[in-house]
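The listed protein sequences correspond, in order, to chains X and W. Just so we're aligned, residue -11 is where the first sequence starts under this note's numbering, counting upward by one. Just so we're aligned, residue 448 is where the second sequence starts under this note's numbering, counting upward by one.
Any given hint could turn out to be false.
Computed footprint of chain X on chain W, listed as stretches where at least three residues anywhere in the stretch have a Cβ under 8 angstroms from a Cβ of chain X [claimed, not checked]: (1) 476 to 486; (2) 525 to 539; (3) 555 to 564.
Simulated DEER-style distance windows between Cβ atoms [what the hints assert, rightly or not]: (4) 140/X / 602/W: 55 to 63 angstroms; (5) -10/X / 463/W: 30 to 38 angstroms; (6) 596/W / 447/X: 52 to 60 angstroms.
Hints listed in this document are in silico derivations from the structure and should not be mistaken for laboratory results. Model, not experiment: these values are computed from the prediction. Note that the Cβ used here is the ideal one computed from N, Cα and C, for glycine as well.
Listed below, chain by chain, are the residues.
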Amino acid sequence: MRFPLRYAYGNVLFGPGEERAALYRLETVSYPFLPEREKELWLQRLARFAFAVEADFSLWRVNRTYAGESYLAQAEGLLDERYGARAGWTTFLEGHEEHLAERRAHLPELYLAVSLKAAPPAKLGASVMQGVDRARRRLEGLLGVAAREPIARAELERLLVAEERTMQRVSQTLAVRRASIEELQWLLRRGPCRGVSEPALDANWRPNALVVEGEDGESHYEPLETDVARLANAPVLEEDRGLVVDAEEGRSHQALFCLGALPEVATFPGGRAELLFAPLEALDFPVDVALHAKWIANRTAVTQVRRKITEADNIYADQEEGHHGATWQAEENRVLARELDLNLQGEARPPLIKATISLALGAPSAEELEERIELLKGQYGTVELHRPLGLQPRLFLDHLPRPDGGEVEDYADYLTIEQFGALMPVGDHRVGAEGGVYLGETTGGAATPVFFDVTQASREGRPPTGQMDFEELGAL
Amino acid sequence: MSLTVRSYRRVFRVDRRIFRIPNTNWVLPVPGGVPLSALGYFAGAFLAMFFLGRVPLVGAAVGALSPPLRFVIVPLAVAMLLSRAAPDGRGAHRYVAAWLGLRLRSRRRSLGRVVALEGEPVAWQAELPLRGDGSEPDLRRARISGPARLRFAEPIAVRPGRRRRAVARPASAEEGRPATTLVRLAEGETLEVRP
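Let the hints inform the model, and build the full structure from the sequences given.
Listed below in structure tokens is the structure:
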């Protein structure tokens, strides 16, 4: 078990080996208030993303506490002093501020890491040398004598080109922007104090690297790895099925779960299909999600499924020769395998995804953690949540931003791109303006605060409150 | 109109079983066949019994079992048990490996480094050299050459010595001398701090 992140250059993450990924922030969508047709369009957008990304990717759906620290400052300016008294307005807003601080609502944020593969050097000789180098490093790794290689400037330049291409591919289907270095810091620092408090951030933090000159005269970067690792550095006590993390902000009791088998058949839209939205938004405490996906190209997927068809036929034939004949499962598996083959060989030739979905839950005390676990399991109903013994520290690291697609693969499952889209990780309950005056909160567990900014329409050059906004407010 | 989303998990999670001995007409007299994983567990348990029989102390206990019990019945029971169990929703061998790992490794770590459990006494048998950097709250032994401007956290008394050397002690130890917290040293002057 080693720390999964070595260095970050902008939004490009470097793993301890050759793993590289670009980190993005995805926009969420106010999902429950959408008409059914719009929900289907969102499923298709997510499926198109999974189709077009053409690389392994990881998603983190994490929660930021909204305690209202900046509420007073941003809302004070909304008063027109010709019509209202400043003192009364401030008292009114201070009441809101107190209420927001008590509620400590949480707002989900979505981060995406897409694996990067830099294009090989144009010259054949250089490309062959790179391959030999890679083989040597793997051998050294196996023998346990591998040293961390500095990052060549040329590699960095190639990665930036690859990142630009990835950004273009992703932004064709989803609203996305590059994750900032502050967001990376937040993602790393929040792990140890999950469920207890928001982490204290250092506004001046930047991951550093020494610039050294290689034998070839080229510049190389030697990352100062402690710059990154120290952000998530806290003593972790491993219990049988949980962790006790002593973060700077306080002691956090954490439990990590892996999602078991997804429902064989689920109706979309519906809670049984939207497993990364509906159960999480129904709870009044934050639950983090990490989804690590290996992207399987159509050709490879078809080959794998063909093999499974042969296996299913063989099993059916073997069972026929047994004392009791073939079971209905064996018969159904033959049909199912052929159905998947047909799906994969359709006009679009979609890929498959091999995904591990894990959930992380934190609380200030062991008792509160157990209460939260009961509520979480209740929300997932028949979908099993495994709390695996011995895998808790690894799952903890899987919830940190990392470029290698996670370590725990015991619960990996093959998903179609439609299944992935139906999970709806981008959904939330956010309605109203970004800032403004506090109006109330949404119904349901998440209790997202709703703000109204009378100046928003004129600032953004759009008509005032439309039909959608009225529907949203109806949910208050 | 709603969509139906289908899972194809079962296509990839095939339960492989043996129903008859290949190339013969002998059908195994086990309803539902024998899981392939059970054969693996049987082989593992058989080897474990074989090697445990050669370990001192444990070997004597294992050797007390009759060979049919040791090499057939016990491995068969282990294979049946493990092939049917799926603790934590994963294969029994993975669960056993995770359980062993948990028991063997240190429970409290910080980024891979072992740290002491809460309340656990930490033995220290080496010498710990310390060097003050001037910012600590106590007055420490030091020799400073000028030019310098020194500010002390507590009042001191300075006693002039020979060859442009002076000695600073806590004001409480040098009664009668004026106390100060600020000392200026010119070029070539030396101040010795003696707490």
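Outcome of the hint check:
Coverage of the region 476 to 486 of chain W by chain X holds. Counting CB-CB distances below 8 angstroms, 4 residues qualify, and the rule asks for three or more. For the region 525 to 539 of chain W, the assignment as covered by chain X holds, since 4 residues bring a beta-carbon within under 8 angstroms of that chain's beta-carbons and 3 suffice. Coverage of the region 555 to 564 of chain W by chain X holds [criterion: at least 3 residues with CB-CB distance below 8 angstroms; count 7]. For residue 140/X paired with residue 602/W, a C-beta distance near 59 angstroms keeps the hint of 55 to 63 angstroms intact.
Residue -10/X and residue 463/W have their C-beta atoms about 35 angstroms apart, which keeps the hinted 30 to 38 angstroms range intact. In this structure the supplied range 52 to 60 angstroms holds for residue 596/W paired with residue 447/X, their Cβ-Cβ distance being about 56 angstroms.
When the structure is compared with the earlier hints, no violation turns up for any of them.
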